[in-house]
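Chains as they are written, first to last, in the working numbering: chain A, 1023 to 1318; chain B, 1023 to 1318; chain C, 1023 to 1318.
You may find that some hints are simply not true.
All copies of an identical chain are treated as equivalent in the list; a pair is satisfied when it fits inside any one copy or across any two copies.
Stated by the list, open to error - Below, a list of computed lysine-lysine pairs in the DSBU-like style, where the Cα atoms sit at most 30 Å apart:
#	residue 1	residue 2
1	K1046	K1195
2	K1231	K1039
3	K1231	K1267
4	K1059	K1282
5	K1059	K1289
6	K1039	K1195
7	K1069	K1059
8	K1295	K1069
9	K1059	K1195
10	K1279	K1059
11	K1295	K1267
12	K1289	K1046
13	K1231	K1059
14	K1256	K1059
15	K1069	K1279
16	K1279	K1295
17	K1196	K1039
18	K1232	K1279
19	K1069	K1231
20	K1046	K1196
Please keep in mind that the hints were generated in silico from the structure rather than gathered at the bench.
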Amino acid sequence: QSVTLWGRINTSVESQKFGTQDRKIVVQNNSSRLGFKGSEDLGGGLKASFSLEHGLNSDTGAATGGTTFWNRASWVQLEGSFGGVRLGKWFPGSYFATADYVSMHNHDTGTSSDALYATQFYTNNKVSYFTPTVAGFSAELSVAAGENTTTRAEDIAVNYDVGPFHAGLGYEKKGDFTQVAVRGLYEIGPVVIGGYIQRAENSFGAAGKKDWNVWRLSGMYVMGQSEFHLNFGKADQIIADDGAKQLTVGYNYNLSKRTKIYGFWTKVDNQTKGTYFTGAAGQDFSSLAAGIRHNF
Amino acid sequence: QSVTLWGRINTSVESQKFGTQDRKIVVQNNSSRLGFKGSEDLGGGLKASFSLEHGLNSDTGAATGGTTFWNRASWVQLEGSFGGVRLGKWFPGSYFATADYVSMHNHDTGTSSDALYATQFYTNNKVSYFTPTVAGFSAELSVAAGENTTTRAEDIAVNYDVGPFHAGLGYEKKGDFTQVAVRGLYEIGPVVIGGYIQRAENSFGAAGKKDWNVWRLSGMYVMGQSEFHLNFGKADQIIADDGAKQLTVGYNYNLSKRTKIYGFWTKVDNQTKGTYFTGAAGQDFSSLAAGIRHNF
Amino acid sequence: QSVTLWGRINTSVESQKFGTQDRKIVVQNNSSRLGFKGSEDLGGGLKASFSLEHGLNSDTGAATGGTTFWNRASWVQLEGSFGGVRLGKWFPGSYFATADYVSMHNHDTGTSSDALYATQFYTNNKVSYFTPTVAGFSAELSVAAGENTTTRAEDIAVNYDVGPFHAGLGYEKKGDFTQVAVRGLYEIGPVVIGGYIQRAENSFGAAGKKDWNVWRLSGMYVMGQSEFHLNFGKADQIIADDGAKQLTVGYNYNLSKRTKIYGFWTKVDNQTKGTYFTGAAGQDFSSLAAGIRHNF
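Here chain A stands alone, though its shape is the one from the complex (with noise of 0.2 Å):
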């Protein structure tokens, strides 16, 4: 067998609360998926290798990304010495070396998840080029074709490791959108201290080209099989009071590698004119949760 299958089912059950709505219990997606992959030694140091990776609702059955099935990743890679090239659709790799790396207590999904992050994302119709690990150092520089019907776009990520410090730095750029952000994390014993900084920019067309900043701080506590998670975030006013803070604490109990229950206590403070999750101005969003993840 040259596939190897894998995925993630990540269900919850919470009490949300959206701006002056009633409170409801809701049985929340927390980006379950189902992935194949595979990869075959091509001699003198080739390899070929793919992915097909699906994003589904758990709660529902749903396929997340509707008729596009493999709404998270289809590529094929060609690698050796010289790095590797790779060619389709896959997340930017600008967040999964910022964002991604520091939402350490639930994989950066559901309503937990960075509501703040400033980001295009985009994933069709991309070439990248992954470098080799040299003193701890890799990138990946991608180049998202437009195809004449959408704005070509591109990602750069760097990640360094060294020891228990891990950085890494993204930067993205779709047509008059463009963001930077830098991340370090660092581990003290059973403590894990991220965070990253960013800094977006985006051409409103009429309303003018506006610069903010987003942040995030976030902090785990190991003991045992336990984990303790504090995780706090800012994204300031781009125009005028339409910031956000986001604030969630939570707690995972590892029954093994593959399976965890957790907890959590989310919650997104809009300003006055702020979107940031629930997509109405001004609106707020809690959420208390309990959920299973189990990774197959």
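Following the hints, complete the assembly by docking chains B and C onto the known chain A.
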């Protein structure tokens, strides 16, 4: 590999007749499916498991649920000596405990499936508790969250097995609809006799609240690799002249445990205002079928 | 495990030109697919088997068939010394026996696939009989049920293989459309030469019934891991000035049996009213491509 692939392709060629329309030749799907499942031993009697199950039209290749790809199941479960807790989507326990259990000739699929059984068949956003089996009894207690958009639903199933006798009870409530059914099944050498009786109730708004009964009786005679089936059901009228009867005569030849070829003749007889199976008042349905069912 | 997973990711980067439009860079899918198949030995020379085959756009992750997920195949089959009987959906045998067979450079996929071959390519609701192979001959006889909504279709394929010589015949009829094609292919050491000639007929309603011819000639020269390809086809005009020519020059480098990298240049030349490949009268198409094909 922590994942098991399994499925069933069940396809028949049928001569179907709807009311007074011309008889037509149809290549017919009978609830074909593809599933991924797995479980992990967590030690201490604990077990995590998951299931993803997709329904497909084997005659055209279309997903039965459209973009709800995993329209049959997508759940994660944690179980121990205390029983099991399951989150996500799957078919109602009340259905498996009753109507499905006695539909022996073709797994309650296709044109000869039970057309009369009353159910809202709610499957999304469920949280359930499964009891351990005690003295032959086991039960499933489910709540489906309405999430402030649909009506909350409840479902209870009880199964009892002792030697050749098998019984079940199903209860379902969604908004103004409730149904309760009791099933029995007895094995006497090569003969198996089963049946259920159901009481359903619906508040039809202006039309007013109504109760009605449904029942079914089914028998199988096994001779070597051959099975002979007979199956009769009746739904009483709800308001007036809207009841129906259903009769199926079937023959299965088991080429192996996994593969059978089969034939059946089935008929749904609607009263003048009955719309069972056909959806059109008073329109009857019949089909003569030959098919292949292959489990993998 | 009674299921085999298999598939192909085939993605290219192309510089494409449609008529007088600006040349554009495109990441292009070339009929990527994912399949599940299996068979069961039933004893006495009998065998049951099934296939589910999904087409995907490797550049975007979209399902090629939308909600018709298994748009390439979903069938179940029973076979023995008498031949095989198959029910469900799959590509026409007439196509594999002719156009597909001689499109050697990239499996008749992507922008260099045969744009001229005349077919209705009907695949749903099929019942087929496959003959055993006798004296090098084998045949597939298919009927696709119209189910009173679409027109019934018939498809016949005959293949003949003896030593280095391979021939095929395809016949297809759907309503007012019929086509018949004959294919030959000869292996002479490192050289392979193949081609087909096709006669198609359509009753275009008011426009009146018309016949037309299509032909293609293709050659391959193999040198170690390298393959050099040349491929030319022509569709005669049907009514007036609506014919086309197609030329492809290709190079494949086989990194292994499963993985190749390749390049090609392809061009479709439409007459003033021809709409082959582009769908726009008189619009030509050309592409310069480099790609990776990985089988798994």
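The hints, checked one at a time:
no.	hint	in the structure
1	K1046 / K1195	between (38 Å within a copy, 20 Å between copies)
2	K1231 / K1039	neither (34 Å within a copy, 35 Å between copies)
3	K1231 / K1267	within (23 Å within a copy, 51 Å between copies)
4	K1059 / K1282	both (24 Å within a copy, 18 Å between copies)
5	K1059 / K1289	neither (36 Å within a copy, 34 Å between copies)
6	K1039 / K1195	between (34 Å within a copy, 26 Å between copies)
7	K1069 / K1059	both (13 Å within a copy, 26 Å between copies)
8	K1295 / K1069	neither (50 Å within a copy, 47 Å between copies)
9	K1059 / K1195	within (29 Å within a copy, 41 Å between copies)
10	K1279 / K1059	both (20 Å within a copy, 18 Å between copies)
11	K1295 / K1267	within (13 Å within a copy, 60 Å between copies)
12	K1289 / K1046	within (15 Å within a copy, 45 Å between copies)
13	K1231 / K1059	neither (42 Å within a copy, 51 Å between copies)
14	K1256 / K1059	neither (37 Å within a copy, 40 Å between copies)
15	K1069 / K1279	both (28 Å within a copy, 13 Å between copies)
16	K1279 / K1295	neither (42 Å within a copy, 59 Å between copies)
17	K1196 / K1039	between (34 Å within a copy, 24 Å between copies)
18	K1232 / K1279	neither (44 Å within a copy, 53 Å between copies)
19	K1069 / K1231	neither (45 Å within a copy, 55 Å between copies)
20	K1046 / K1196	between (37 Å within a copy, 18 Å between copies)
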